[in-house]
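**Student:** Chain residues, written in single-letter form:
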Amino acid sequence: MSTDDAYDPKFGEYGGQYVPEALMPAIEELTDAYQRYVLENEDGFMDEFRERLADFGGRPTPLQYADQLSARYDTDVYLKREDLLHGGAHKLNNALGQVLLAKYMGKERIIAETGAGQHGTATAMAAAHLDMPCEIYMGETDIARQRPNVFRMRINGSEVNPVTVGRGTLKEAISETMRDWATTVENTHYVIGSIVGPHPFPKMVRDFHSVISEEARKQMLETTGDLPDTVMACAGGGSNTMGMFAEFIDDPEVDLYAVEAGGSSLQVDEEEGVAPNSATLSTGDEGVLHGARTKLLQDSDGQIMESHSVSSGLDYAGVGPELAHLVDEDRVTPVNVDDDAALEAFHRLSQDEGIIPALETAHAFGYLEEHPEAVGDSVIINVSGRGDKDLEIAIEETAKRDLDIAPDMSIFERVGGGGL
Amino acid sequence: MGLERAFADEPAFVPYLAAGDPSYEASKQYVEALARGGADVIELGLPFSEPIAEGKTIQNAIVRSLEAGMTPDRFFEFVTDLDVDVPLVCMTYYNLIYQYGSEEGPRPFVEKAAAVGIEGLVVPDLPGEEAGPLRRACDEFDLDLVFIVAPTTKGDRLERMLEQVSGYVYVQARLGVTGAREDVDDATEESLARLADWDVPKAVGFGIKTGDHAKRIVSAGADGVIVGSALVDIVAEGHEDGDPVDEVADRLEAKARELKDGALRGAAERPQPERT
Numbered sequence: 001m002s003t004d005d006a007y008d009p010k011f012g013e014y015g016g017q018y019v020p021e022a023l024m025p026a027i028e029e030l031t032d033a034y035q036r037y038v039l040e041n042e043d044g045f046m047d048e049f050r051e052r053l054a055d056f057g058g059r060p061t062p063l064q065y066a067d068q069l070s071a072r073y074d075t076d077v078y079l080k081r082e083d084l085l086h087g088g089a090h091k092l093n094n095a096l097g098q099v100l101l102a103k104y105m106g107k108e109r110i111i112a113e114t115g116a117g118q119h120g121t122a123t124a125m126a127a128a129h130l131d132m133p134c135e136i137y138m139g140e141t142d143i144a145r146q147r148p149n150v151f152r153m154r155i156n157g158s159e160v161n162p163v164t165v166g167r168g169t170l171k172e173a174i175s176e177t178m179r180d181w182a183t184t185v186e187n188t189h190y191v192i193g194s195i196v197g198p199h200p201f202p203k204m205v206r207d208f209h210s211v212i213s214e215e216a217r218k219q220m221l222e223t224t225g226d227l228p229d230t231v232m233a234c235a236g237g238g239s240n241t242m243g244m245f246a247e248f249i250d251d252p253e254v255d256l257y258a259v260e261a262g263g264s265s266l267q268v269d270e271e272e273g274v275a276p277n278s279a280t281l282s283t284g285d286e287g288v289l290h291g292a293r294t295k296l297l298q299d300s301d302g303q304i305m306e307s308h309s310v311s312s313g314l315d316y317a318g319v320g321p322e323l324a325h326l327v328d329e330d331r332v333t334p335v336n337v338d339d340d341a342a343l344e345a346f347h348r349l350s351q352d353e354g355i356i357p358a359l360e361t362a363h364a365f366g367y368l369e370e371h372p373e374a375v376g377d378s379v380i381i382n383v384s385g386r387g388d389k390d391l392e393i394a395i396e397e398t399a400k401r402d403l404d405i406a407p408d409m410s411i412f413e414r415v416g417g418g419g420l
Numbered sequence: 001m002g003l004e005r006a007f008a009d010e011p012a013f014v015p016y017l018a019a020g021d022p023s024y025e026a027s028k029q030y031v032e033a034l035a036r037g038g039a040d041v042i043e044l045g046l047p048f049s050e051p052i053a054e055g056k057t058i059q060n061a062i063v064r065s066l067e068a069g070m071t072p073d074r075f076f077e078f079v080t081d082l083d084v085d086v087p088l089v090c091m092t093y094y095n096l097i098y099q100y101g102s103e104e105g106p107r108p109f110v111e112k113a114a115a116v117g118i119e120g121l122v123v124p125d126l127p128g129e130e131a132g133p134l135r136r137a138c139d140e141f142d143l144d145l146v147f148i149v150a151p152t153t154k155g156d157r158l159e160r161m162l163e164q165v166s167g168y169v170y171v172q173a174r175l176g177v178t179g180a181r182e183d184v185d186d187a188t189e190e191s192l193a194r195l196a197d198w199d200v201p202k203a204v205g206f207g208i209k210t211g212d213h214a215k216r217i218v219s220a221g222a223d224g225v226i227v228g229s230a231l232v233d234i235v236a237e238g239h240e241d242g243d244p245v246d247e248v249a250d251r252l253e254a255k256a257r258e259l260k261d262g263a264l265r266g267a268a269e270r271p272q273p274e275r276t
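Order-wise, the sequence lines are chains A and B. Numbering-wise (UniProt numbering), the first sequence opens with residue 1 and increments by one. Numbering-wise (UniProt numbering), the second sequence opens with residue 1 and increments by one.
Some hints here could point you the wrong way.
Simulated DEER-style distance windows between Cβ atoms [to be verified]:
hint : chain 1 : residue 1 : chain 2 : residue 2 : range
1    : A       : Asp131    : B       : Glu67     : 51 to 57 angstroms
2    : A       : Asp251    : B       : Asp73     : 15 to 21 angstroms
3    : B       : Lys56     : A       : Arg154    : 52 to 58 angstroms
4    : B       : Asp183    : A       : Glu140    : 42 to 48 angstroms
5    : B       : Glu25     : A       : His371    : 51 to 57 angstroms
6    : B       : Glu67     : A       : Thr183    : 25 to 31 angstroms
7    : B       : Gln29     : A       : Ala144    : 36 to 42 angstroms
Pulled a few chain B residues facing chain A out of the computed Cβ check, cut under 10 angstroms [unchecked claim]:
hint : residue
8    : Lys56
9    : Gln59
10   : Tyr98
11   : Leu192
12   : Thr210
A few chain A residues that don't get close to chain B, going by computed Cβ distances all over 10 angstroms [to be verified]:
hint : residue
13   : His86
14   : Asp131
15   : Pro148
16   : Phe151
17   : Asn156
18   : Lys171
19   : Ser175
20   : Met178
21   : Glu186
22   : Lys218
23   : Pro252
24   : Gln298
25   : Asp301
26   : Ser350
27   : Asp402
28   : Ala406
Note that these hints are calculated values from the structure, not bench results. All residues carry an ideal CB built from backbone N, CA and C; glycine is no exception.
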């Protein structure tokens with residue numbers, strides 16, 4: 001567990017609390033709760049959290065040796081199987097932690113934003129498990145492209161509120177959830193879905209996810225007697241990334257690679273306000289968004305750009321302030337791969353290892369394919385989520401490209417199924 | 001720093017419009033109409049792409065203004081072009097202030113704002129905790145930095161904030177985001193009561209729609225009323241219906257008079273302080 005001070009809102013010059021005054025008392029209250037329950041385990045909060053993560057969530061998740069990938073890249077490839085956590089992604093660690101914390105704080109209602117729907121489904125599961133009413137804000141574009149997750153949230157008993165402003169993706173959903181919170185702050189807790197937002201969210205969300213690296217580090221030492229040369233994770237907002245890195249930060253011999261979405265291009269269209277990627281750590285500039293100073297995709301005036309990625313979970317114009325800081329400190333290396341490489345990696349992991357990864361996760365494997373020499377003799381890659389939610393998009397996007405590795409889908413024409 | 005003077009003699013009417021909504025030229029006429037209608041201070045919104053404190057009405061105004069090409073530099077040009085004799089306050093979000101100019105930090109924005117005649121800033125995503133650098137730049141260029149007091153701002157937070165305030169305090173009438181409402185929230189009177197001992201002018205905003213609202217708020221002790229969404233609604237309707245700009249301007253002027261008049265009626269009903 002981190003020894004950070006709950007009352008220090010900054011990571012170097014990043015972080016802070018850039019939110020409307022109406023929210024500040026709630027943020028102060030949350031900071032106190034973070035200190036007492038999370039950092040000091042008051043009332044056995046962390047014991048209950050860890051117990052529920054085990055019984056309800058299925059922790060610990062395995063650290064698996066990947067035979068085929070290790071042979072292909074001539075290096076030892078280990079997979080941290082967060083896709084096996086309940087719900088199919090790492091997201092439950094944070095959602096369960098925050099919903100439980102809200103209960104300890106006496107809050108009566110949960111709200112959350114979601115992009116791909118992974119955080120929304122995790123929050124809906126946690127809220128059902130802990131018997132809390134829950135409303136999820138989701139951009140209408142994302143609702144259309146992530147239908148199975150919308151069904152899951154509804155089936156778990158959560159309301160799903162479509163956000164129609166702007167492009168209708170994660171950025172707008174976060175803004176709209178903040179507006180709800182500014183109205184209902186006295187009885188409601190906002191379960192933010194990544195290591196973004198005002199302090200103490202970036203630290204607290206990291207702490208809930210740091211169980212990933214805590215387990216992985218221990219499992220690696222038990223299995224091999226050594227630390228890995230490299231740890232790698234995809235990065236959008238950065239929650240699986242920081243969860244995977246947290247316990248390795250103080251191991252200087254371990255290289256940390258954050259793999260961002262290069263989208264279709266790293267070139268921005270300033271006129272249209274569009275960055276056809278989500279490579280915030282690699283290409284962004286410092287600014288203030290959604291409560292924190294961090295790296296952002298923005299135009300020269302400071303207006304936020306529309307980002308893009310084939311994986312909606314990485315599609316965000318900001319990034320966690322702690323990751324921005326670790327990049328500036330040269331502790332974390334930001335790299336990126338484009339949509340094509342991610343899709344190819346999606347198929348390769350599915351075929352070679354029998355694991356269908358989330359498109360987010362596939363980015364990390366795309367980088368390994370492009371730069372196997374970068375990882376040294378051993379690497380742990382965080383399999384942050386499974387790809388069931390992405391099947392429609394993956395097949396559609398694959399059909400647009402001519403990927404040798406992709407399976408032939410003409411079976412659907414033969415059975416006359418007409419679409420998926 | 002001198003926005004206090006606008007509240008000195010009688011209750012102030014402080015309208016808000018998003019600059020450049022729905023176009024540069026129309027917006028200029030709308031702001032001038034508000035001045036004719038009795039505005040004592042005008043808050044001009046410089047639109048930001050992620051306005052987290054705004055309700056639907058002002059979000060839509062911001063989209064219209066951005067689509068019509070508003071930028072920080074165009075905004076400063078807009079202020080220079082305005083023919084009004086009323087103090088102007090810029091309301092915007094911190095990233096636009098932070099990114100302006102080649103030098104890091106808020107100083108270049110504040111320097112430019114002062115140069116074009118802006119007298120104060122309101123920054124809804126900048127609580128006291130983060131306001132140090134902007135406060136220093138405002139002091140250097142003699143601008144007021146207006147803070148928002150929310151219904152949840154109490155005790156030590158309130159004390160610390162009032163030490164930083166200049167010009168006036170923006171008393172947020174209720175929790176939530178901006179937007180016109182049908183009635184006045186009880187939280188308004190509670191907030192005004194908490195601030196009663198402070199001699200900085202207290203302007204109440206969020207949800208005020210009619211002259212009667214303005215009257216009630218002033219009679220409860222406010223020194224001014226801030227009205228945004230109810231005016232932006234008039235701009236939006238005029239734009240959607242394709243009405244001539246001067247007709248929309250006349251409606252805004254009439255609405256301004258109603259609100260200013262309500263504020264004055266509220267002052268007449270207020271218990272008079274004992275004079276010695």
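**Student:** Aspartate 131(A) clear of chain B by more than 10 angstroms, beta carbon to beta carbon?
**Tutor:** Consistent with the label, aspartate 131(A) stays out of reach of chain B, its closest Cβ about 26 angstroms off (over 10 angstroms).
**Student:** Checking the smallest CB distance to chain B, is glutamine 298(A) really beyond 10 angstroms?
**Tutor:** 7 angstroms, violated
**Student:** Determine whether the non-interface label on glutamate 186(A) survives the test: each CB of chain B must be over 10 angstroms from its CB.
**Tutor:** 7 angstroms, violated
**Student:** Over 10 angstroms to the closest beta carbon of chain B is the bar; see if histidine 86(A) clears it.
**Tutor:** 32 angstroms, holds
**Student:** Beyond 10 angstroms on every Cβ pair: is that true for methionine 178(A) relative to chain B?
**Tutor:** 5 angstroms, violated
**Student:** Quick check on a hinted range of 52 to 58 angstroms for lysine 56(B) and arginine 154(A), using CB atoms only.
**Tutor:** 25 angstroms, violated
**Student:** Using Cβ atoms and 10 angstroms as the threshold, tell me whether proline 148(A) really stays out of contact range of chain B.
**Tutor:** 29 angstroms, holds
**Student:** Against the range 42 to 48 angstroms, how does the distance between the Cβ atoms of aspartate 183(B) and glutamate 140(A) compare: consistent or not?
**Tutor:** 32 angstroms, violated
**Student:** Quick check: does the Cβ-Cβ distance between aspartate 131(A) and glutamate 67(B) fall within 51 to 57 angstroms?
**Tutor:** 45 angstroms, violated
**Student:** Restraint: lysine 56(B) near chain A, CB-CB cut 10 angstroms. Satisfied or not?
**Tutor:** 8 angstroms, holds
**Student:** Range hint 51 to 57 angstroms: satisfied by the CB atoms of glutamate 25(B) and histidine 371(A)?
**Tutor:** 54 angstroms, holds
**Student:** Restraint: leucine 192(B) near chain A, CB-CB cut 10 angstroms. Satisfied or not?
**Tutor:** 16 angstroms, violated
Going through the hint list in order, the structure does not satisfy hints 1, 2, 3, 4, 11, 12, 18, 19, 20, 21, 24, 25.
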